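Enquirer: Residue strings, one per chain:
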Amino acid sequence: SQQGEEDPQALSIQEGENATMNCSYKTSINNLQWYRQNSGRGLVHLILIRSNEREKHSGRLRVTLDTSKKSSSLLITASRAADTASYFCATVSGAGSYQLTFGKGTKLSVIP
Amino acid sequence: EAGVVQSPRYKIIEKKQPVAFWCNPISGHNTLYWYRQNLGQGPELLIRYENEEAVDDSQLPKDRFSAERLKGVDSTLKIQPAELGDSAVYLCASRHYSDTEAFFGQGTRLTVV
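Just so you know, the protein sequences line up as chains A and B, in that order. 1 is the number of the first residue of the first sequence in the working numbering; add one for each residue after it. 1 is the number of the first residue of the second sequence in the working numbering; add one for each residue after it.
I should point out that these hints are in silico values taken from the structure, not numbers from a laboratory. Keep in mind that the hints are not guaranteed to be accurate.
What the hints assert, rightly or not - For each label pair, taking beta carbons as the anchor points, the in silico distance ranges come out as: (1) N52(A) / Q17(B): 46 to 52 Å; (2) P112(A) / E83(B): 39 to 45 Å; (3) G85(B) / V44(A): 26 to 32 Å; (4) G94(A) / G40(B): 25 to 31 Å; (5) Q14(A) / K71(B): 50 to 56 Å; (6) G40(B) / N18(A): 21 to 27 Å; (7) D74(B) / S24(A): 35 to 41 Å; (8) V5(B) / D7(A): 31 to 37 Å; (9) S98(B) / A82(A): 29 to 35 Å; (10) K71(B) / P112(A): 46 to 52 Å; (11) Q17(B) / E53(A): 44 to 50 Å; (12) T77(A) / V113(B): 40 to 46 Å; (13) A54(B) / K26(A): 21 to 27 Å.
Claimed, not checked - Residues from chain A that face chain B, not an exhaustive set, calculated with beta carbons under 8 Å: (14) R41; (15) H45; (16) L100; (17) T101.
Keep in mind that this is a model prediction, so the values were computed, not measured. Glycine is no exception: its CB is placed at the ideal position from the N, C-alpha and C atoms.
With the sequences and hints as input, model every part of the structure.
Expert: As structure tokens, then:
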């Protein structure tokens, strides 16, 4: 079963523009993570935000978390063609466990 | 440091045949995950190990799938017999107990014909 639902399912933007992807989830979480997957490759961890945090930055990435709405957003600023990939949110729930549950992903295309 | 290694990268088999996937996690990582990813979908957990113990296998179709993690290191995922609907990418990931980030292998793309 999948915890998160990303939207949009697909996003196409011009290089230099910002890209925003959203993730909604169903149950309470310990933390929420974002991963990137290039075509035919494994997933790469991008950033983590804990349930008691509201916003986090890492380079060109900005993540927000609203636990009251059970939603998160990932903003990529000044996008590059190399950012073309699928982006997944993953939630970690449960005390003492580390069950990592992924959403369906957003496919981002950055046009040079 | 070597990452998570999976083999084979690709496998094509006929339905009803058995198949096995192998995963070598990052050295020292306690947690090992097997995920299945269908085309255009997110990874879905099949089984999670903490050391050599399977602590979450509720999504593993136990009539045909089996997994083991000998000595809490390498792991093997087996399907017997394979069905057409098993065609997918099988991903292995590992995590150190003190860390929050999971590291993924490149995956094994299985095609059942």
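Enquirer: Could you check if R41(A) really has its C-beta closer than 8 Å to a C-beta on chain B?
Expert: holds, 6 Å
Enquirer: Does T101(A) pass the interface check with chain B, least Cβ-Cβ distance below 8 Å?
Expert: Holds, about 7 Å.
Enquirer: CB of S98(B) to CB of A82(A), is that within 29 to 35 Å?
Expert: holds, 31 Å
Enquirer: For the hint 21 to 27 Å, verify it against the beta carbon of A54(B) and that of K26(A).
Expert: With Cβ atoms ~25 Å apart, the hint holds.
Enquirer: Would you say the C-beta atoms of G40(B) and N18(A) sit inside 21 to 27 Å of each other?
Expert: Cβ of G40(B) to Cβ of N18(A): about 24 Å, so the range 21 to 27 Å holds.
Enquirer: Measuring from beta carbon to beta carbon, are N52(A) and Q17(B) in 46 to 52 Å?
Expert: Once the Cβ atoms are compared, 50 Å apart, the range 46 to 52 Å for Q17(B) and N52(A) holds.
Enquirer: Taking 31 to 37 Å as the hint, is the beta-carbon distance of V5(B) and D7(A) inside that range?
Expert: Given range 31 to 37 Å: holds, Cβ gap about 34 Å.
Enquirer: Evaluate the given range 50 to 56 Å for the C-beta pair formed by Q14(A) and K71(B).
Expert: holds, 51 Å
Enquirer: Is the interface hint for L100(A) satisfied, with its Cβ closer than 8 Å to some Cβ of chain B?
Expert: Holds: closest Cβ of chain B sits about 6 Å from L100(A), inside 8 Å.
Enquirer: Quick check: does the Cβ-Cβ distance between T77(A) and V113(B) fall within 40 to 46 Å?
Expert: Holds: the Cβ-Cβ distance is about 44 Å, inside 40 to 46 Å.
Enquirer: Range first: 25 to 31 Å. Now tell me if the beta carbons of G94(A) and G40(B) are that far apart.
Expert: holds, 28 Å
Enquirer: If you check the beta carbons of K71(B) and P112(A), does the distance land in 46 to 52 Å?
Expert: For P112(A) against K71(B), whose Cβ atoms are near 48 Å apart, the range 46 to 52 Å holds.
Going through the hint list in order, the structure satisfies each hint without exception.
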